[in-house]
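Engineer: All chains should be built: construct the whole structure from the sequences, respecting the hints.
Those sequence lines, one after another, are chains Z and S. Take the first sequence: its position 127, counted from the start at 1, is 166 in our numbering, and no numbers get skipped. Take the second sequence: its position 84, counted from the start at 1, is 1393 in our numbering, and no numbers get skipped.
Just so you know, the hints here were simulated from the structure itself, not pulled from any lab data. Just so it is clear, CB atoms sit at the ideal spot from N, CA and C, and this is done for glycine as well. Hints may contain errors.
Take a look, some chain S residues computed to stay more than 10 angstroms from chain Z by CB distance [as the list claims (entries may be wrong)]:
| hint | residue |
| --- | --- |
| 1 | I1326 |
| 2 | N1661 |
| 3 | F1662 |
Here are the simulated DMTMM-like pairs of lysine to aspartate or glutamate, each with C-alpha atoms no more than 20 angstroms apart in a straight line [to be verified]:
| hint | chain 1 | residue 1 | chain 2 | residue 2 |
| --- | --- | --- | --- | --- |
| 4 | Z | K83 | Z | D108 |
| 5 | S | K1656 | Z | D177 |
| 6 | Z | K77 | S | D1391 |
| 7 | Z | K84 | S | D1391 |
| 8 | Z | K174 | S | D1391 |
| 9 | Z | K174 | S | E1386 |
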Amino acid sequence: MTPLIFTLKIKPQFSLDVSELTPDKLAKKNKTQIKSLKLNYGKKKVPVTDLFTITGNDSENVQILRSCDKLVCVGQGISHGTIEVKGNVGDLVGQHMKGGHITVNGNAGSWVGNGMSGGRIDITGNVEHHVGAGKPGDAFGMTEGFINIKGSAGDRVGDRMRRGIITIHGKAGDFCGSRMHAGTILVLDKAGRNVGTGMRRGTIILSKQPKHIVATFKSNGNLKMQFLRLLFTQFVAMGKEFTKFKNFDPEVHRFSGDLARNGKGEILILQTLNLKK
Amino acid sequence: MLIKLSGGTVYDPVHGINGEQRDIYIRDGQITRRPAATVDIDKTYDLKGKVIMAGAIDMHTHIGGGKVNIARMMLPEDHRQDLVSRTPLTRSGCGHAAPSTLTAGYRYVEMGYTACFEPAMLPANARQAHMEMADTPIVDKGAYAMLGSDDFFLRMLAAKKDQEAIADYVGWIINATQALAIKVVNPGGISAFKFNQRKLDLDEKNEYYGTTPRDIIKCLAQAVNELGVPHPLHVHGCNLGVPGNVQTTLDTINSVEGLPLHLTHTQFHSYGTEGDRQFSSGAAEIAEAVNANPNISIDVGQVLFGQTVTASGDTMRQYAGHWHAHPKKWVLMDIECDAGCGVVPFKYRDKNFVNALQWAIGLELFLLVNDPWRIFLTTDHPNGAPFTSYPHLIRLLMDRSFRNDMLSTINKDAAASSVLGSIDREYSLYDIAIMTRAAPARSLGLKNRGHLGSGSIADITVYNNVKNREKMFEKPLYVFKDGELVAKNGKIVKVTTGGTHVLKPEYDKSIERSLKSYFDKYQTIKLGNFKIDDDEIVEHGNGHIIVQPCT
Chain Z
40 MTPLIFTLKI KPQFSLDVSE LTPDKLAKKN KTQIKSLKLN YGKKKVPVTD LFTITGNDSE
100 NVQILRSCDK LVCVGQGISH GTIEVKGNVG DLVGQHMKGG HITVNGNAGS WVGNGMSGGR
160 IDITGNVEHH VGAGKPGDAF GMTEGFINIK GSAGDRVGDR MRRGIITIHG KAGDFCGSRM
220 HAGTILVLDK AGRNVGTGMR RGTIILSKQP KHIVATFKSN GNLKMQFLRL LFTQFVAMGK
280 EFTKFKNFDP EVHRFSGDLA RNGKGEILIL QTLNLKK
Chain S
1310 MLIKLSGGTV YDPVHGINGE QRDIYIRDGQ ITRRPAATVD IDKTYDLKGK VIMAGAIDMH
1370 THIGGGKVNI ARMMLPEDHR QDLVSRTPLT RSGCGHAAPS TLTAGYRYVE MGYTACFEPA
1430 MLPANARQAH MEMADTPIVD KGAYAMLGSD DFFLRMLAAK KDQEAIADYV GWIINATQAL
1490 AIKVVNPGGI SAFKFNQRKL DLDEKNEYYG TTPRDIIKCL AQAVNELGVP HPLHVHGCNL
1550 GVPGNVQTTL DTINSVEGLP LHLTHTQFHS YGTEGDRQFS SGAAEIAEAV NANPNISIDV
1610 GQVLFGQTVT ASGDTMRQYA GHWHAHPKKW VLMDIECDAG CGVVPFKYRD KNFVNALQWA
1670 IGLELFLLVN DPWRIFLTTD HPNGAPFTSY PHLIRLLMDR SFRNDMLSTI NKDAAASSVL
1730 GSIDREYSLY DIAIMTRAAP ARSLGLKNRG HLGSGSIADI TVYNNVKNRE KMFEKPLYVF
1790 KDGELVAKNG KIVKVTTGGT HVLKPEYDKS IERSLKSYFD KYQTIKLGNF KIDDDEIVEH
1850 GNGHIIVQPC T
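Structural biologist: Written out as structure tokens, the structure is:
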């Protein structure tokens, strides 16, 4: 069994919806059935063979090669299996995913993990806005799962997220963790303005003191929070990039808020983590 | 240009034509008599074996006005899931339960409808409603002005002003808002809600004004009758959705003492309290009363299963229903202290006892009311179901075995407590032509619509005669609007603009004197700005006005 590989052979001009190319939807399909699939390309439906060359046979492990930022809805709604993408991707990676593992070796667009309820997304490059957020009209953002971004993220990371973990190894934009219901966000470089605005519960962990904290957050002083040891032990098990968290001192400066909602959220600013770039 | 529709099977209930093979001639947008043999025919459509009816008319569908817009804004997910691409002819749009104006117009025409009427236009919101309807392409439009909970009217009623003055006010409202009829929603209940009353029976007094819904219905029905408005008072009665409201509905029928009355979405007003769950069908009693009272007409407001959104002016009952919102969000609004609206998204489930019984009650009403001239096919779009489900509903009415198959899939207790399974009646194509064309046109006073006689406007729908009636009514072969072919095989082939049906009843203009001082004192806009000019509707070539005569 070799992974099912889709290699993009055109240079897309319009957005190309690849939500059909997931382990869930390709399972139990033979090669001819897969070849007869049609994808939404711009306003048209185009046969998958016109867009990709297909090799391999293991639908549980899907690979998309030579991808570009016109590919949208990668891994939409998957519940098992893995998807690996080489190259950049567009918006809505892992939208509504329930399980499984998506890896993007490149940059991604907005709405990564929109409404996801399980599974893991790894992105090696940068992402745009609304990581793990909920679309307008949705009650919540992500409700479970793990999003790991090795680059930087845009604005509104984890907007209205309900549960789950988002880790950003680079910078985060403005309004990081805005309107959070619960969950955990970790930012290992600078975060932008208005961190945690309107958050109800949940934890935002920053490694650097932001320039600006919203007035409705209250400083609780420096604390040693032992639960962070447990949390970071878990992180260390999640991947190599977290090894710097081994045996670290859990001293943080804690802010509680947003007091305009009900103040049960917290922003923790790590005091002693020696970050090696 | 002379067009001949040759050899089709014609259903034209106004002229008593029941499935006869006839030729129809169209000249300059109107149906004409057979021309002399020497006259050249420009285009002939060979329609042997096809079914020809007048363009369908939906007389109760929420397609414009404030609440529909709120529903659109509140449900982006409804729009995301149902996208319509632009074509060379039509513009893009979206929306399943609350489609955009353009999409609504296209979908109506693709289904063979050529006119639809917005039943709840608040006078304060009339301009917005007309703008939205102007944006609804191809179909003819019209709206019913909503009275009954507005302060000026309730003050008049409380002060026991004479009936003539009230009729003048009603006439003024119809003129000022470019309406076609008058609707009353939960008579006085929207006002009572603001005085913290959470229920209002037919004989319960409004705490502030001291008026009862019975007074309001009686007074307005009389005013509408005196003004010569062809469509009787359009009543959304008290206690919508409350188990046991069948008695309220029967009392409402009796309250007008023989005056014409139209009861709308009656399905929601036909609930009894029998059985273990204190919820049962009252359709038989309502149907009996409708059969016995020739002054009463009803439309059903059929519930069909799936996700939709309920948008109603009935603030009181929408507030009571907001606990059942799916997805969990809702809006309740006051509008200029004169009325209100509530928008609650809702999902009707076939395995839910109450929803399944609602579905059965609607069908029971359809099948137990004998006279198709007095019962109209509606789902109260989007409250019972989106209008796109009409073909499915028609199949349920025309195909008994299909109906019984569906009945066997719904909640078992609900199916057992309904008499639907024992009803053998099946609607014929002639009955469908009555209830979707001839009867609404007659009820609304549209003289040259809803039939295929000479001189009538050439709004014509041609169907393939398919055994599966859902397929048949989903995609008509041809749809003509004002004599132009606008849709073919369920696809738009030409986009035109429809007109707006209005009424210009006579009234004593001196009512404006008291209205002016009232507006200056209480309203947010001046009297002059409140009135909608003809030019505003005709503006930018987006429509024209069709004045219907009073009786």
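Engineer: K83/Z and D108/Z were given as a pair; does the straight-line alpha-carbon distance stay at or below 20 angstroms?
Structural biologist: Given that 20 angstroms is the threshold and the Cα spacing comes to 18 angstroms, the pair holds.
Engineer: Mind verifying the non-interface call on I1326/S? Its CB should be farther than 10 angstroms from each CB in chain Z.
Structural biologist: 44 angstroms, holds
Engineer: Within 20 angstroms, alpha carbon to alpha carbon, are K174/Z and D1391/S?
Structural biologist: Distance of about 16 angstroms is within 20 angstroms: holds.
Engineer: Closest CB-CB distance from F1662/S to chain Z, is it above 10 angstroms?
Structural biologist: Consistent with the label, F1662/S stays out of reach of chain Z, its closest Cβ about 26 angstroms off (over 10 angstroms).
Engineer: Compare the distance between the alpha carbons of K77/Z and D1391/S with 20 angstroms, and conclude whether the hinted pair is satisfied.
Structural biologist: Answer holds: K77/Z to D1391/S is near 19 angstroms, not above 20 angstroms.
Engineer: Is the straight-line distance between the alpha-carbon of K1656/S and that of D177/Z 20 angstroms or less?
Structural biologist: 16 angstroms, holds
Engineer: Would the non-interface assignment of N1661/S survive a Cβ cutoff of 10 angstroms against chain Z?
Structural biologist: 21 angstroms, holds
Engineer: If you draw a straight line from the CA of K174/Z to the CA of E1386/S, is it 20 angstroms or shorter?
Structural biologist: Satisfied, since the Cα-Cα distance of roughly 9 angstroms is no more than 20 angstroms.
Engineer: Within 20 angstroms, alpha carbon to alpha carbon, are K84/Z and D1391/S?
Structural biologist: 16 angstroms, holds
When held up to the earlier numbered hints, the structure conflicts with none and fits them all.
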